[in-house]
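Here the protein sequences come in this chain order: A and B.
Taking our numbering, I'd label the letters of the first sequence as residues 1 to 246.
Taking our numbering, I'd label the letters of the second sequence as residues 1 to 320.
Hints were generated in silico from the structure; no laboratory data involved.
The model shown is predicted, which means the values in this text are computed figures rather than measured ones.
Do not rely on the hints blindly, as some may be mistaken.
As the list claims (entries may be wrong) - Okay, derived cross-link-like pairs now, DSS-like style, lysine-lysine, Cα gap no bigger than 27 Å in a straight line: (1) Lys126(B) with Lys244(A); (2) Lys292(B) with Lys225(A); (3) Lys214(A) with Lys317(B); (4) Lys184(B) with Lys244(A).
As the list claims (entries may be wrong) - Cβ pair distances, simulated, as ranges: (5) Gly124(B) with Arg183(A): 16 to 24 Å; (6) Asn186(A) with Asn66(B): 23 to 31 Å; (7) Thr151(A) with Asp42(B): 42 to 50 Å; (8) Asp22(A) with Lys187(B): 25 to 33 Å; (9) Glu242(A) with Glu311(B): 14 to 22 Å; (10) Gly124(B) with Val200(A): 46 to 54 Å; (11) Glu242(A) with Gly125(B): 56 to 64 Å; (12) Gly56(A) with Lys187(B): 42 to 50 Å; (13) Val201(A) with Pro286(B): 50 to 58 Å.
For every residue, glycine included, the Cβ atom is placed at its ideal position computed from N, Cα and C.
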Amino acid sequence: MKLLVCISQTPDTTAKISFSSDGTEFNQSGVQFIMNPYDEWYALVRACELKESLGGTVVALNVGPAANETTIRKALAIGADEAVRINTEAQGSMHVAKQIAEYASDKGFDIIFFGKETIDHNGSEVGAMVAEYLDLPYVSYASKLELNGSTANLQRDIEGGVEELEVDLPFVVSASKGMAEQRIPNMRGIMTARTKPLQVVEPVAFEESTKLVKFTLPPAKAGVKLVDPENMDELVRLLHEEAKVI
Amino acid sequence: MVLVFAESPNGHLKKAAFEAVTYGKKAADLLGTSCVALCLGDVENAGVLGSFGASNVYHVANSTLNSFDSQSYSAAIAAAVEKLGATLVILSHSSTGKSLAGRLAVKLNAGLVSGASSIPSVEGGKIRVSKGVYSGKAIAEYEINSPVQVISLMGNAVKPIKSGNEVAVESLEVTVPNNRVTVKSSKTQEGIVPLPEAELVVSAGRGMKDPSNWGIVEELADTLGATLACSRPVADSDWRPHHEHVGQTGIAIRPNLYIAIGISGAIQHLAGVNNSKVIVVINKDPEAPFFKAADYGVVGDLFEVVPRLNEAFKQFKANN
Ligand SMILES: Cc1cc2nc3c(=O)[nH]c(=O)nc-3n(C[C@H](O)[C@H](O)[C@H](O)COP(=O)(O)OP(=O)(O)OC[C@H]3O[C@@H](n4cnc5c(N)ncnc54)[C@H](O)[C@@H]3O)c2cc1C
Ligand SMILES: Nc1ncnc2c1ncn2[C@@H]1O[C@H](COP(=O)(O)O)[C@@H](O)[C@H]1O
Chain A
1 MKLLVCISQT
11 PDTTAKISFS
21 SDGTEFNQSG
31 VQFIMNPYDE
41 WYALVRACEL
51 KESLGGTVVA
61 LNVGPAANET
71 TIRKALAIGA
81 DEAVRINTEA
91 QGSMHVAKQI
101 AEYASDKGFD
111 IIFFGKETID
121 HNGSEVGAMV
131 AEYLDLPYVS
141 YASKLELNGS
151 TANLQRDIEG
161 GVEELEVDLP
171 FVVSASKGMA
181 EQRIPNMRGI
191 MTARTKPLQV
201 VEPVAFEEST
211 KLVKFTLPPA
221 KAGVKLVDPE
231 NMDELVRLLH
241 EEAKVI
Chain B
1 MVLVFAESPN
11 GHLKKAAFEA
21 VTYGKKAADL
31 LGTSCVALCL
41 GDVENAGVLG
51 SFGASNVYHV
61 ANSTLNSFDS
71 QSYSAAIAAA
81 VEKLGATLVI
91 LSHSSTGKSL
101 AGRLAVKLNA
111 GLVSGASSIP
121 SVEGGKIRVS
131 KGVYSGKAIA
141 EYEINSPVQV
151 ISLMGNAVKP
161 IKSGNEVAVE
171 SLEVTVPNNR
181 VTVKSSKTQE
191 GIVPLPEAEL
201 VVSAGRGMKD
211 PSNWGIVEEL
221 ADTLGATLAC
231 SRPVADSDWR
241 PHHEHVGQTG
251 IAIRPNLYIA
261 IGISGAIQHL
271 AGVNNSKVIV
281 VINKDPEAPF
291 FKAADYGVVG
301 DLFEVVPRLN
311 EAFKQFKANN
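If we strip away everything but chain B, and leave its shape as in the complex, we get (with noise of 0.2 Å):
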């Protein structure tokens, strides 16, 4: 049986559940078994993940688990784990599946590829999985070789798919053990789907000249419906809030479009930005490193072609 442990923060399922049901779907249909989705804690609507492909929606409804601590939450999956008889466990490689992963591959004596992009296969009776490493440089891919194994899924890298129906949601009772990490707030903007998730993604660069010039890029980005990123040093220099940074020692991103503007495209910038599927570059330098990496580049002033661009697409939405 495959178990998927789908997050639902503040009682609301993400978007990254509906794709890791989706993935441990696929993944279920290639052993030949099923797939289970499990929540815990604060959980509206979770019948829903029966439509994206689990047989059975569990419900874990302890208080102790409307707080997210790593400890309680990788007790009671282990638990779920152990009590229906899983043996894959897919979880999403988000804030929280990071913190959970490495702990729950200890408690189950299971072999972990985190951050995985690809559908398992199976060799020999092995399960196989790809996931980007070298910052998105390279590919690589592991076995596994223990009874249990532990995925979790890099965000963006399957569409959520509906395939069946709603389901009823069964209760599952398992112990869980006191929190010790205490959440005293949790701060997220409303409105803005955050970078990791989002399939399309704005971004500028110090060829911005000013952080008052960003007007043109947030238009674009309205338009759009697209999340704002930015390079490391407009970050820096406080231009733009920490949390839009993306590259090697920002954030990684997988959009569907990134939208680069006045950025040269260093290395350390590609890293983060490398495995959109379509990226776009306008710049004024016909030489800047970052049109290597491009699907689509335009080699003009950006002051002139993002407003122009901002022109075309409500066009575009004006018209379909």
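So that you can see chain A by itself, here it is in the shape it has in the complex (with noise of 0.2 Å):
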């Protein structure tokens, strides 16, 4: 079994964003990074549950940075095998598939896991892209994924419900919240990390159609009107004269 899991890096959930004047760039500065939660708690656990329990191979995948390299330890702590680091900043949604594309083409993985998106792109956009590039099943939003020999059978959240699907290897997957359980890396898990191979791959040339102009910060609430809570006719006129909702 060969196992790719593309991991990306995000701010922390609690961090607090901002922005440079221009509105820009992201200010980085005191911002901590993690492994983007759906990558590492769904999809990276439940491709190293498979290899325990079938053999082979997981390689972690990140496109990006050198100072990516700590969480993409964090994949190998966690159990990862190997890992690729394709050595350029991410520019896009499809500057990012196309070097994924580029890299697993020609390695045969039967299995190619993503997270159901970024936390803060939030785009769910990557893995659809690296499916097409390989003409490749994609199954989004994967709740649960079994195998059966040749065969895996998942589950996919749908709005309001949940669907089966069945799908042969070799196919992509993105990982949403079911699918495992989130995996704390242990003491020889750390230590084995630092030994496993890690691989800096050279990006080829792409070029983003979709641009950043500027990131802006969503208007301030206008502060909290408190209502009397004797008073619960108050809140329903005030939800239906004022706030025009009800």
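Once you've looked at the hints, go ahead and assemble the two chains, each given alone in its own frame, into the complex.
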């Protein structure tokens, strides 16, 4: 079993979000970076579980600068066997997808794992793009993945419900909550991670056509209007007459 | 031309499809072009899309498309885009749209903005559009520099508006590859508006103390016709089903009204709900961080306040 897990690095979930004064750059100072939770908790852990029960290798891949190697080492500590870093700043989803697809095209991976989305870009874009570049089936938002020989049975979140699906290997999947349980790396994992191979691959040229113009912060709330807990008729009146939502 | 893919799971057009056509029409007016809608597989009453602004409604009636697979769907949409000469493609940012948007962008060599929340603008001949990023903590504006562009529209970001008349449905022939993903079953709850589409949401957290206390919350949701949601620890301890979990690791929603009951308002919770138009917070702790993100607040014991609020809504419903 050859499994590829694409991991991204995002600001910590509690990070204060701010930008340069012209709004073109995310202000990194004081921000702690983590592995994107969906990539770590669900995609990576499920890939490791499959490998542990069926044998094979898990490769963790990140498209990013050398500074991301702490995050990549964490993936190795959790259980990936090897890591690859494609040495370029991510310029956008298609730029990233192109790098991943180029790398994976001749490696014969059985399953390529993604998180359902990054918590900074919130795109849900890269997995589908890689699937298209490689002409592979794609199942997004999978909350369960079981293998049965060369066939996979998956459950996928849809609006207000779930779907049960079947697909033959190889395929691309994006993971949502339910696929696995978060794993805390243990001491042994952290120690062995240092000796596992981390290969640096040079990027291919690609011109991203979606370009950031600027970031802005949402307008601040006017402030909370407190309503007397004894007087819920007043709250209903405000929701009807002032907020006009009922 | 703007082409809108209108989703019709099990043959029924989704509310998201009406939103997408309304959005496509606004974009088309801005670009001085027309807006057409595309339906794939089973669909009833597709002509109604005309009344939301589609000048033509095309239908690919290939039976392969009665079951969703991102490969056959993206092939059909790309073929329609090429056949009709569309340059801007609009999808819904739904479980279906998220599986398609990236594929289509690669197929059409198009720039993509997914989860857009604003009507596009045109600057120097280029399309610009905004979306929420950093889990709702910021907004990013993008420019798309390719001849064809793909945009997926966030749910509840525009209100469906009827601006025209129904039109006749035209059938469209395109070649569609076989499905490689087989949908074995599809279960959705009957009679409940799914969270991503809900306009009214009643949500509760650990302040409820015990799952057996949920009756008062369910009654309130029932009175309002609202969909239920919950905080993560509530779903994690199986007090409530996982599909109700909202927040950074759960579902991100943008209803018109979000009522948060016994939820502290942790930053990861807010990440999924701070795009709600109006937030009401009921919490006994005046220092709860949620009050900073709220429009209306009630400081009090939820076990007293929620039944009282339910009575007040009932009264209101009876009089209106
Ligand atoms: C990486 C990461 C991701 C996360 N993702 C999510 C997510 O997606 N969604 C999410 O919700 N959380 C998420 N969390 C968890 C989050 O940090 C909080 O722990 C969680 O939201 C708290 O849930 P709560 O508000 O229900 O409980 P608590 O924080 O325990 O709050 C309970 C509240 O109820 C109030 N209360 C108690 N009794 C009463 C009463 N009788 N009447 C009125 N009020 C009362 C209390 O004053 C308190 O404010 C995440 C955390 C991490 C680290
Ligand atoms: N720079 C990156 N390197 C490797 N994988 C990535 C990168 N960015 C995104 N991904 C993967 O693509 C998924 C979806 O990202 P997005 O389309 O940005 O929401 C993430 O959950 C990751 O699995």
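Here is how each hint holds up against the structure:
{"no.": "1", "hint": "Lys126(B) with Lys244(A)", "in the structure": "violated, 36 Å"}
{"no.": "2", "hint": "Lys292(B) with Lys225(A)", "in the structure": "holds, 10 Å"}
{"no.": "3", "hint": "Lys214(A) with Lys317(B)", "in the structure": "violated, 44 Å"}
{"no.": "4", "hint": "Lys184(B) with Lys244(A)", "in the structure": "violated, 43 Å"}
{"no.": "5", "hint": "Gly124(B) with Arg183(A): 16 to 24 Å", "in the structure": "violated, 49 Å"}
{"no.": "6", "hint": "Asn186(A) with Asn66(B): 23 to 31 Å", "in the structure": "violated, 48 Å"}
{"no.": "7", "hint": "Thr151(A) with Asp42(B): 42 to 50 Å", "in the structure": "violated, 26 Å"}
{"no.": "8", "hint": "Asp22(A) with Lys187(B): 25 to 33 Å", "in the structure": "violated, 49 Å"}
{"no.": "9", "hint": "Glu242(A) with Glu311(B): 14 to 22 Å", "in the structure": "holds, 20 Å"}
{"no.": "10", "hint": "Gly124(B) with Val200(A): 46 to 54 Å", "in the structure": "violated, 39 Å"}
{"no.": "11", "hint": "Glu242(A) with Gly125(B): 56 to 64 Å", "in the structure": "violated, 42 Å"}
{"no.": "12", "hint": "Gly56(A) with Lys187(B): 42 to 50 Å", "in the structure": "violated, 32 Å"}
{"no.": "13", "hint": "Val201(A) with Pro286(B): 50 to 58 Å", "in the structure": "holds, 54 Å"}
Checked against the numbered hints given earlier, the structure breaks hints 1, 3, 4, 5, 6, 7, 8, 10, 11 and 12 and satisfies all the rest.
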